[in-house]
Structure formats: structure tokens, C-alpha cells
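Just remember that my numbering sits 2 ahead of the position in the sequence shown, which is counted from 1.
Watch out, some of these pointers could steer you wrong.
DSSO-like mimics (lysine-lysine), calculated; alpha carbons at most 27 angstroms apart, straight line [stated by the list, open to error]: (1) K148 - K226; (2) K685 - K256; (3) K144 - K223.
The hints are simulated quantities; they were obtained by calculation from the structure and are not laboratory data.
What you are looking at is a predicted structure, and each value in this text was computed from that prediction instead of being measured.
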Amino acid sequence: MRAGWRPGGGGAMWLRPEEVLLKNALKLWVTQKSSGYFVLQRRRGHGDGGGRFTGRLVGALDAVLDSNARVAPFRILLQVPGSPVYSAIACGELLNGSEVYWAVATGATLEEINQHWEWLEQNLLHTLSVFDNKEDIVSFVKGKVKALIAEENSSKLAEQEEDPEKFREALVKFEARFNFPEAEKLITYYSCCCWKGKVPRPGWLYLSINHLCFYSFFLGKELKLLIPWVDVQKLERTSNVFMTDTIRITTSTKERDFSMFLNIDEAFRIMEQLADITLRRLLDNEIFEMDPSLQDPTQITKRDLEARAQNEFFRAFFRLPGKEKLHEVADCSLWTPFSRCHTVGKLYTSDNYVCFASKESGCCNVLIPLREVASVEKMEDTSLLPNPIIISIRSKMAFQFIELKDRDSLVENLLLRLKQVNASNPVHHNCLEKKEMTSHVFHSTSVFSDGESQDLGIEGSQSEDKSEAEKNSHLLNAEALRSVFHQSGAESLDFKMSREQIKERLWNDHFAEYGRTVCMFRTEKIRKLVAMGIPESLRGKLWLLFSDAVTDLASHPGYYGNLVQVSMGKCCMATEEIERDLHRSLPEHPAFQNETGIAALRRVLTAYAHRNPKIGYCQSMNILTSVLLLYAKEEEAFWLLVAVCERMLPDYFNHRVIGAQVDQSVFEELIKERLPELAEHMKDLSTLASISLSWFLTLFLSIMPLESAVNVVDCFFYDGIKAIFQLGLAILEANAVELCNSKDDGHALMILSRFLDHVKNEESPLPPIGNHHAFFSDDQEPCPVTEIADIIRDSYEKFGDHTVEQIEHMRYKHRIRVLQSHEDTTKQNVLRVVIPDVSILPEDLEELYDLFKREHLMSCYWQWMSPVIQRHDPNRPYAEQYRIDPQQFTNLYKLVSPWTCGEHTEVLAERTFRLLDENMDHLIEFKGFASCLDVMYNGEMNEKINLLYRLHIPPALTENERDSQSPLKNPLLSTSRPLVLEKTNGDTVDYQKQLKQMLKDLAKEKDAKIEKTVPKMKQREFIQFCKTLYSMFHEDPEENCLYQAIATVTTLLLQIGEVGQRTSSLGSGSDEFTEDLQSEASAAEQDTVFTNTVKTTHKETQSLPVTEEKWIISFEQILASLLTEQSLVNFFEKPLELKPRLENAKLNQYSLKTNGINYQLPAEHTKLNTQ
């Protein structure tokens, strides 16, 4: 124990469990705490003010001892109930000595040792009762503590940026235990327990780029688990009967609980990141663009994942472009003049931004684009202002940051990036100088004054080299449509205008104090102003500032005009959909009842579809864009649309609306959490999710009167998707009683639709506009009117406490569920199409589909640059989403096909692939694969022979076939042998009569003009056909009989082919050549083809040379010949079971992929579970 603690080293630490003999003779320790299994003790003389003589003596002894011999003042011991238990008196002394305990932890202070005690209480205390004997308890605890020590040491080495030897050891064990290819990179590993029923199995959890693996060897039993990340359907923190905090991983078949992590928070974050990256890379590769640092999965490290998580939070919190990379995060304080003090928070710097977020949520946030920064300077360091820097912006504002620890490198990096930004945007600065900084976006004194209608128009953002085509061909709207199409006012217009003026004054006062540019201080006060509703005159301009679309606008002069010029007039699927929806976009508003508004809407939507073809055009974009055009100029509306689609609502506007479905799933969870009574009543919350989908896609614009919905859009541009979540909860709460009393889903839909249709905005100067998007009209009974300001206020007060970080974590969790739901839908649709056409049991077909899909995915795991990943297209028809290539097909064929032919199997698999690849794109779908297997397992004999036959003619058999050399010996293929077979009882069977009858029947079929769709087979092809049959019979129980039968049939068919060749040259009829064959056979020397030992005779027989040119035989002839041998009929008609092959394939699919061969795991008690 002495070796485990260093005085002055600080901190508590785990010890390798060592025996401690407690004696009564010297009472050195006092018990502080005890439980059924653990004892926390304090050494006398420490922490008791000296105490009695014994305590003073022990304290003095510890003080004079050499530092290496000193004993830690606190320790935790393991004791096992059932052994003689000590008795404690009031002071806690151990009286009943001579018992062996195990020391598991030491500490320098009571606070430090208590942290270890709490970990034991939370993770081990309630678990140990499941073991039957004390030896198992001791073994479990000792193993767990040793694993914690190893993990703790590894973490410390990693933090010091050394090359951790422990990680190398873990990597060697990982590779040996799971036998993956080298490309399967191990990211990190953790000591933990996997629960099997009520018993925890201690072991090691390995997290690699494509798999979660667990290994345990406990109480003589070995356990291996292997779970691909793409199989994970749910990843969550939960609890069970014994553990308060576990990580549960759910696949389609099982749930696995892992607990007792040293740092469960870190482990869960890494698992969350790996699951998210892998699922999106493999299942949603259409939209997902991976960070540059993660482009090559084999280069991903634990640090990369942590940086990615921080980067995604940063972008989500400040709603920045997806390519924005975070560089530094520093604790600091910002001078906030409105509160006359420094506000504690964090400074974030990225490629193009400097951002600040206060420690207290919502207190103060600042977003500073680097293109607005004039200078970054260090100030003199003083006791009042330690390590200060000043960031000055071009609108004559300055931001003072203090308490920056690494100030010098921070300033150096900022100046370097500032130089790069200025170099890449020279137009901006020339433009500002030329205009003397009159743009209200960047100048704090000229904002929002009357007559500045062009401040943010195209004049301010277009460069001087504007093309003539842009000037003349496409005249863009330089005004917001709202200002062009004035609507007649209502009776209370004066009152409403006065309310607008009051709001404008409040905003002007706010601008004077907090700033009026994109760099303004964003505080709780501005949120309250937004919740009241932005004045009509300021709405579009503030949307630009809050979304930071203004930075994109200023950074891309002339971009939109050029885009319009390039995109207009081009026809594609997106433009057709746009044209179809143009007149459905706010048709009740006068701006979209004439060509001016329609043309502007067409230009913006078409330009965006051209800019971002991955999204193109999605329904609901037209409604959103039409509202943007009402309040912003055309070019501004375009950049607002860019901000919404690419930053604020990522993955919303695509064919599968994955982002919207993820947020619907998050919304369901929030309903369960915040409105439990409603969730209890409506067992299936998917109904509410389907109703609320349009809330998220159109920001309530399609289901709420326009004058009310624009207030929702105000909140959205300021607070992001959080505003929609909380508003949705407020609406459901307002209707909770009626919804709980609703009779069915349709009734619930009607309740919400009528409520939303009667949400009014009494303060709006706009006249009420009928909502043409409402689901129902309320002709039956009046519905009470609700004020939008009241709903928004309630949403902030009751549901505004969710943070961006919480929402992002929920999105991680539910994105897994949504993507897997899409995969399940694809699977069910494919199975629905295939099941009617095959005889394979549905449950077997489902497992076969899983194997088929996994084969595709396994190629993606270790060939990340191959076109396999790009081949998966979620937008293709269901049956075409997963297709496999020849190598993948061969792997599957070896696993599940009943037609295995030893070394010949791979050749047969290649031919089968060529036969199924009808369009010759070197890919086949699941339906073709399943249909082929169905014939092999469940087909009639003639169907099986037909398949075999077609495998040995073009296109399945090619001219350059690698096994084209005949495997059969000449005597076996002799056409001069008589058709006589010697039986084991001495009898003989003459097949001449059967042959004669067969040929007559075939001639009749020909005369009847029965259509023969299968081409005839040439001799070379027939030889390959025979080789396959011989290979298939190998190791069959009836191998000898089958060889005899196939030898007879082969000889018969060779003679039929030869007779056909002669007849073809002579032009005689079937009767003539039959008699000719018979006479020839009777004149020939009788010879046995096979003896009892299935060996050919060694009599001198010469096979007749047969020219390849005209030797042919038909499928019908082959089938008829095979039917003459009962053993062959029995072979092809015996029932075959697919299920055992599927079970074996599930175990061996990984083995085949990693080693190129199929094998079972050797250890008898090894259990490799791929779920």
C-alpha cells in the first residue's frame, strides 16, 4: 500500500488489491464509513486534532518516517459478508482482528477518498449481491479495480501527449481477439462491465471506427461481443435494478447494458460520435459531408472526435456555416458596457469568426465576423485588467477581453486569420471606403434611418464589374415586396401604427446601448423585444443580422445576380417542381397575385436549386421564400434562404427530410418530458409528430395566419430551432385538455388546426389574411381567439430552459433512430416485393437480406475510398438501394449456397453472378440474389437443372473461362462405349431402348413447334457442366452411386450429341439416326463404365474425336437423361434447409471477410455475438 501513495503527490488513487491483516495489538486505523462490502478508514493521528496518546504516537511516527515509507491517511478496504465480521465500538475501532481484507484505494484527504467511495457505492455496491459466493465477489472487485488502474494510467499518458504503451498493448489484444483487418482502427478502450441478465461480466470495451467490441474472461468463461455501429438502433444513458447509470445499446435483436466506467460521460460522448459518424457516412452519404479531419476514417483519433463534438456545438450555438472550423476556446471575461462590468464566459475563434458566450446562459452572446474586424491589439497587463486584448470593428465599436491565459498566441493566430480574410475579400474594404461606411449593417450611427431603403439592397452588394447581361436580362427586385404591394388598412390602423412606432423607439434605444450591427450584444433584453414582435419596418433587416446572412451578402458581391443569369431558362426536375408550386405560395397575398412577386420567387428558388443541387428544391421552401421576399429585397431573401437551409435547419430540405424527422423525434421526447399527462393519453405520439411536421418545415407559416406566423419567424431567426420546439410545446399545452379528450387522431388534428387558424396578432398593422393552408374551416362553432404574443411569452417562460447543447445531444440520439427507421422501411418494402415470388420463409428471407446488406457495408468499412460507398443512394427505388458486386456476391455465395463444389465453388459463383447481371452493370440487387437461392433450395428438379444448364452457357460461361480445361479423363467421355451398366447384383440395364424412346419424344416436341427458350449447349460447355456435377457430388453420402449414375448419363449424352452431329450432316430423320445408333452400339464391344468400386476399366478404348463446331445438345435432352437415374433424381429433389446455413453465415461472415476463408472460432467456450 505504501508504494501506491506519494506524500505531496496529491489525490486519491486506486490500488492493485492487496491483502491487509487487521490485528488488535496495534490499533492504527479508525473506521469512518462501512457498508456491506467496503470499509473507509482514517489513520490515527490524521484529522482528529491529535486525539489520544495512540493517535499522537502514530501521527509522530508517520511524520518522521521516510517519504517512501509513509502511509496514506485514508484507505478503502474490501470485506466479504459471510466471513467473520468485525465489531465496531463508538469510536469505530476494529476489535475482531486476524481477518484478511483487501485494500483497493488510498487518499490524502477525506474529500478525495470520498470520491472513490461514491464511485464504489454507485457502481459496485448493489451489484455484488448477485454473486453466489465470496470468492466470486473478491475476484470481480479485484479485476475491476485492476482495470480501472490500467485505464487511469492510460488516460494520464494520453493527456501528456506521450506515445502510450498501454494503448499499444490494448491494440495488440484488440487485433488478436477480434481479428479485424488492419484498416479497422481502434479509437479508444474502456474498462467496464457488460450485463448478462443480472450478472455483470467485467472486461474491456473496444471502440473502433466501425464496431463496438467487448471482451471478457471471467470465472473461466470467455465472452466476445461485436456490434457494428450501423446495427445500433438506440444509444442512451439509462439505469437498471442494480445500476444508477448505464449505457444501453439496442440493436434489432438485443439490448446490451454497459456500466462501471471510470468516466462514463467521456465514454458515452465517444460512442455517440462514432455511431453518428458511421451511420451518416454509410446510410446518409447523400447529404452528410464529413469534416476534413474525418475524411479518412482510418486516421480518426479520439482527439478528433472530441474536437468534432466541440466544433458541432460551436456551429450550432452560433448558427455558423457547416465548414466553419473552431480553432481556440479560451476562458475570459468581456467588458459589457450596458451592465458596467466584465461578464465571465468563453471566447471562441474560428476561420472567419470571433464569438463570445457568457457562462450564465442567455446573459450575453457576441458574434464578430472577422471581415468586420479593424484591429486586434494587446493592452497593458494590470492587476485590474489581466491579459487584456481589444478587438475593434469597423462600425466604431470595440470589445475588451481580459483574463486570457495564452494571450500572445491567441492574438498572433487572430492576426494571421484576419490577414487571410482581408486578402480573400478585398472588395468589401474598397466598397466601405468608397461609401464612407454608410451601410447600416456596419455603421452604428446610420442604421435604420428613413430613406435608406437601398442600404442592404443589391446596390450595396454588387461589385462594379456587374455584367451587362445581369443588368438587362434579369431585373432583380431592389425593394421588399411588402413595401411595393401596400395593403389597405383596417379601422384600428392608427392604433396599430402607434404600437409600431413604440416598438421602433424601443429598438432604437436598444441599438444605441447594445449596438446595431451583426456584432451587437445579444442579451435577454433583446430576446424580450423579439418576443414582442419586430416592427414591420425593421423585420427584414434584423432577420439578416440575427441569421448572419448579412455577412454572406457582403462577402459575395454579384454572386446572386450571376447565379440568376446562369440558372434561369434551364430545365430540370427542380425547375418543374418550382413552376408547379409558384402559384401555391401565399396566393392570398397581393404580392403573389401578379407576375412581379411570382417572378422574384421563381428566380430565388431556381438560383438556390442551382447553387445547391443536393437539396435542389423541396416542398415548403416556396412558402418560406415567399415570406422572406415580403420583408427583404430579392438578393437578401436569397441569402436568408441559404442561411435557413444550410445553417439553421440542416438536412431539412432534401428528399427524405431527415433533419425535420430527427427534430420531430426530439419533439416527441420533449412532449414525454414536459407534458407527461398528454403523452400518457396519446400512447402513439407519432400522430402529433405527423401533425407538427409542417410546423417545423414551414415555421408555422403554412398553418397560422401570416400576421401571426411572422412573429414566430422573428423568434426563429434569433433563437434558432429552439424557438420552434418551445412554441410547439406551448401550443400543445394550451390544447392539452381537449387533446386528452379527443376521440381519435382525426379529432386531435382538427383541434390543433382550428386553434392555430385562430391565433391572431392584434398589434400587427397588416390586415388579416385568410389562411389557405389551414386543414379545416370552422363553420360549425366559434373558436376562441388566441394572441400570438401570449403563446410566445408562455413558450419562453415555461419551456425556454432547454439549451442548445441539450438539443444537439437529443439530435444525436434520434438521428440514429430516424436513419434506422428509414433502413427498416427500405427492408420491409424490398421484402414485400420479393416474398410473393419465392418460397423462402419470410423470417429466413429477412435474415438473408441482413446478410446481403452487411456484405455491402463490410466492403464500405475497410475500403473507404472505393466506389462502394458512393454506390448507396437513398433516393433510388427501395430494391436498388443496396447492390453487390462480383466479389461481394462470391463471398455470400460461399456462405449460403447449397451448391458448393470445393475449389470450383468460386468459379460457379462468378458464373451465377454473370447470369443474374442482366444489364451488365456488374451489380445485382437483392431480388435477383434471393430468386436464385430460392431455385437452389426450393426449386423442382427441372428448375434446378435449368439453372445449372444456364450457368454453363453464355453469358454465364465465357470464352476465356479460367477453368475451361476439361477435368474429365478421355475414357470417361468415350462415345464408343455401349450403354450398359453392371449392377452390384450382376444384372445389367440396357439404355438403348430408353434412348430410342427419348429421341422419338424429342422429335415429336420439335414437330409440335414447342418453343425452346434455352439455347443449346456445345461440347466445351457440356464438359464444364459435367465437371460441376462431379464437384457437387463430392462428400455426399451417396457419392459412389451418384458417380456411377453421372458416368452413365454423361456417356449417353455424349453419344446423343454425336448422333445429332451426324444427323445434322446427313439431313436424315430421327428414326434413321436412332436405328443407326442402336446398330452401332450392338456391334461395339461391351464394356463396363464403372465397376463396384467406381473405377473405370483399363481396356483399350479410344474416344471418338468429336468436332466442336456442330456437337450440340439441348436442355431437354440433358433433363430427360438425368431423370433416368433415380440417385440423381433423389439428389436434386432432397429437401434442403436454408436456416442452418444462415445461422452459420451470421457467425462466419466476418471471418470470410477478414481472412478470405470460412472458419469457426476455435475456443470451445468462445461466444462471438455479432449483435
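Checked hints:
Distance check on the hinted pair: K148 and K226 sit about 20 angstroms apart at the alpha-carbon level, within 27 angstroms; holds. About 24 angstroms separates the Cα atoms of K685 and K256, which keeps this hinted pair within 27 angstroms; it holds. For the suggested pair K144 and K223, the alpha carbons sit about 17 angstroms apart, so the restraint of at most 27 angstroms is met.
Violated hints are absent here; each numbered hint is respected by the structure.
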